[in-house]
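Student: Take a look at the letters that make up each chain.
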Amino acid sequence: MVKDLVKYYGKLKALDSISFTISKGEIFGLIGPNGAGKTTTLRIIATLLKPTSGKVIVAGYDVVKEPDKVRRIISYLPEEAGAYRNLSGQEYLNFMARLYAKSKKDAEEMVEDAIKIAGLGNRIDDKIKTYSKGMKRRLLVARTLMVKPMLAILDEPTAGLDVVHALHVRKIIKEYARKYGVTILASSHNMLEVEYMCDRIALIHKGKIIDEGKPQELKKKYGAQNLEEVFEIAVKRGSA
Amino acid sequence: MSHLTDLIKKEVRDLLREPHILIFAILLPAVMYIVMGVVITGAMESALEQATTTGTKVAVINFDKGIFSILFIKFLEQMPQSNVTILNTTNIHAALKFLEGQNIRTLIIIPKDFSNNISSGTPTYIRSISIIKELSLSSIMGANIISGVIQAFSKTLLTTIVKEFNIQMKPEFIIQPIKSISDVYIRNKFIPSEILSNAFGMIFSIVFVPLIVIGYVASISATSMGIEKEEKTLEVLLTLPVNRIEILISKLTGSFIISLLASVSAGIGFWFYITKIMSVKTKPLISEIAESSITSRGLFEIVSLNELTLIIPALLLTILLVAVIGFIAGALSQNVRSAQSIAGFIWIPLFLVIFPLAYLELASLDLTSKMIIAIIPFSSPIIAIKVMFSNEYYVLMASLLATVAYLVILLFLATKLLSSERLLLGIKWRRKF
Numbered sequence: 037m038v039k040d041l042v043k044y045y046g047k048l049k050a051l052d053s054i055s056f057t058i059s060k061g062e063i064f065g066l067i068g069p070n071g072a073g074k075t076t077t078l079r080i081i082a083t084l085l086k087p088t089s090g091k092v093i094v095a096g097y098d099v100v101k102e103p104d105k106v107r108r109i110i111s112y113l114p115e116e117a118g119a120y121r122n123l124s125g126q127e128y129l130n131f132m133a134r135l136y137a138k139s140k141k142d143a144e145e146m147v148e149d150a151i152k153i154a155g156l157g158n159r160i161d162d163k164i165k166t167y168s169k170g171m172k173r174r175l176l177v178a179r180t181l182m183v184k185p186m187l188a189i190l191d192e193p194t195a196g197l198d199v200v201h202a203l204h205v206r207k208i209i210k211e212y213a214r215k216y217g218v219t220i221l222a223s224s225h226n227m228l229e230v231e232y233m234c235d236r237i238a239l240i241h242k243g244k245i246i247d248e249g250k251p252q253e254l255k256k257k258y259g260a261q262n263l264e265e266v267f268e269i270a271v272k273r274g275s276a
Numbered sequence: 337m338s339h340l341t342d343l344i345k346k347e348v349r350d351l352l353r354e355p356h357i358l359i360f361a362i363l364l365p366a367v368m369y370i371v372m373g374v375v376i377t378g379a380m381e382s383a384l385e386q387a388t389t390t391g392t393k394v395a396v397i398n399f400d401k402g403i404f405s406i407l408f409i410k411f412l413e414q415m416p417q418s419n420v421t422i423l424n425t426t427n428i429h430a431a432l433k434f435l436e437g438q439n440i441r442t443l444i445i446i447p448k449d450f451s452n453n454i455s456s457g458t459p460t461y462i463r464s465i466s467i468i469k470e471l472s473l474s475s476i477m478g479a480n481i482i483s484g485v486i487q488a489f490s491k492t493l494l495t496t497i498v499k500e501f502n503i504q505m506k507p508e509f510i511i512q513p514i515k516s517i518s519d520v521y522i523r524n525k526f527i528p529s530e531i532l533s534n535a536f537g538m539i540f541s542i543v544f545v546p547l548i549v550i551g552y553v554a555s556i557s558a559t560s561m562g563i564e565k566e567e568k569t570l571e572v573l574l575t576l577p578v579n580r581i582e583i584l585i586s587k588l589t590g591s592f593i594i595s596l597l598a599s600v601s602a603g604i605g606f607w608f609y610i611t612k613i614m615s616v617k618t619k620p621l622i623s624e625i626a627e628s629s630i631t632s633r634g635l636f637e638i639v640s641l642n643e644l645t646l647i648i649p650a651l652l653l654t655i656l657l658v659a660v661i662g663f664i665a666g667a668l669s670q671n672v673r674s675a676q677s678i679a680g681f682i683w684i685p686l687f688l689v690i691f692p693l694a695y696l697e698l699a700s701l702d703l704t705s706k707m708i709i710a711i712i713p714f715s716s717p718i719i720a721i722k723v724m725f726s727n728e729y730y731v732l733m734a735s736l737l738a739t740v741a742y743l744v745i746l747l748f749l750a751t752k753l754l755s756s757e758r759l760l761l762g763i764k765w766r767r768k769f
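Chains as they are written, first to last, in this note's numbering: chain A, 37 to 276; chain B, 337 to 769.
Hints are computed from structural coordinates only; laboratory data are not their basis.
It is possible that part of the hints are untrue.
Unchecked claim - Simulated pairs of lysine to any residue, SDA-like, Cα-Cα distance not exceeding 25 Å:
hint	chain 1	residue 1	chain 2	residue 2
1	B	448	B	470
2	A	140	B	349
3	A	141	A	49
4	A	242	A	268
5	A	49	B	580
6	A	163	B	483
7	B	506	B	483
8	A	49	B	753
9	A	86	B	483
10	A	105	B	349
11	A	244	B	761
12	A	47	A	96
13	A	242	A	105
14	A	244	A	268
15	B	568	A	235
16	A	49	A	246
17	A	47	B	756
18	A	47	B	567
19	B	433	B	452
20	A	49	A	71
21	A	39	A	89
22	A	242	A	258
23	A	172	B	448
24	A	49	B	640
25	A	138	B	483
26	A	138	B	448
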């Protein structure tokens, strides 16, 4: 639950009283252009930044007052994430799995899952520094999902992926959310991606939520063909 | 702290696989000292060889023609590998011009009345001119060799005169009637002063090698945070289910392990360097010129091995202090390059403290001054050396306590920094106009 979230960077107001709620097992999309405030919102929820004012509660825990407890139930994928380049893909996944797993068996299962999600084949044993941008992103998505978090926070999950791999990742995210009841909060400026993946979306523009709802309902509400048109009309109405 | 081992393992593995850390911090110190040992030893041996060859290849202008000048020339000819050319000219400049074209570097001039002066007991001289084409170790040694030869002839001559005239004195007495025997009294013991300086040099070597490594520690520690930022792994790291203290400890332990490896590597290299330098064999004639002053003789005549181990806690705490400073520098910067630039400045205060303290006589200061020096950051390794001699262990204890206090303060700051957004957003240095 995000309520009246405000964030200033110096004098710049990055978030202007943002509020939204995500239900358990839901895939929620935060949609908006670059600089709209998506990453700032996700970073606050992921306990990386502190809000200037407002409240964020994840599964009953306050992100400001109980960040350690929040970190135990979330898994975050930043937009420009990297992985330890001198480790192999397998070593990286093993390391991450051990931090979340309760037992060795748990960790092994997580890594097995991740290897399937990443689809890197034998390259999983190669050093990460030899991976292409797309391979690295698939590894990172796999790392985020393998731990089956209560809330997965994905900032532009398919950034840097080609069409085929982006489709694969979207499918995996959807499957994972359904199969394990993982709640997903994803940001994107790719409207097609959002339409395919998200149960509900919030449109964010200049630090404000300008509308919120199911993609089909929003299209109907604005009489639009697609979400891009929805966004365009919503922004115009907002500034009118 | 359940994830600490995993974090440390990751840290060490990641740092060790970083090529520039492996090369510059671990392999290079050992290789550097080994290469220095080989090169310097080679240069010394070659200089000695060259000096021996050129130093004993001489030309002589004899203005005297008397018995003692003939004896001197014979003495020269008896030197090992000697090659003596007698010049008939009386023009020294012309002779030097001529010698420049030859491979003869030394001109010896025996003055007129040389023999007469000796016969009448009047002091005289032999002049030697060394032709030096460039400033090198062998040319300096060559110039010294001929002085040694003249001194040796003088001594032989004196011995002969003492025997011939049946003088009831030893030749050594006539040369030097009063000899200075210089001892120092330290820790209830009499130690020859030259042994003391050797021991002192040795102890400082024991401290300075790890101090060189400390520079790498700052760099490694700063790099480990810089890499996290540059490779964009920091955001994920900070959202993992591990607390900030675990992240801090794992980073410091990783840097500490790498710096210990670097210390061992530098230590092995340094040991090789010392033993190699000491193995240079000097010829009897010139041994007094080339004798190496580096020796551990006398070190354990003054301090025990147990006392020497006092340096260990002082060094370890200093290394840890530098590692934390490096970590903070890395945390405040945006990438590896800026992290290393900031860490590079840690050398300056470190050496600004250590060098002046090396010259200072701590024991002669009053208590307040001692305590002020004890609380200066990075002073404990040098204080450890000093109290080894003076037995003023309370000064070291004060210094160690001060270092621990700095560590606690800096660790607290580092933990705060890890919890702050500054870590992620960095510090933007803005110039105000």
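Student: Quick check: which numbered hints come out false for this structure?
Tutor: Result: hints 1, 3, 5, 6, 9, 10, 12, 13, 15, 18, 19, 23, 24, 25 and 26 break, sorted rising.
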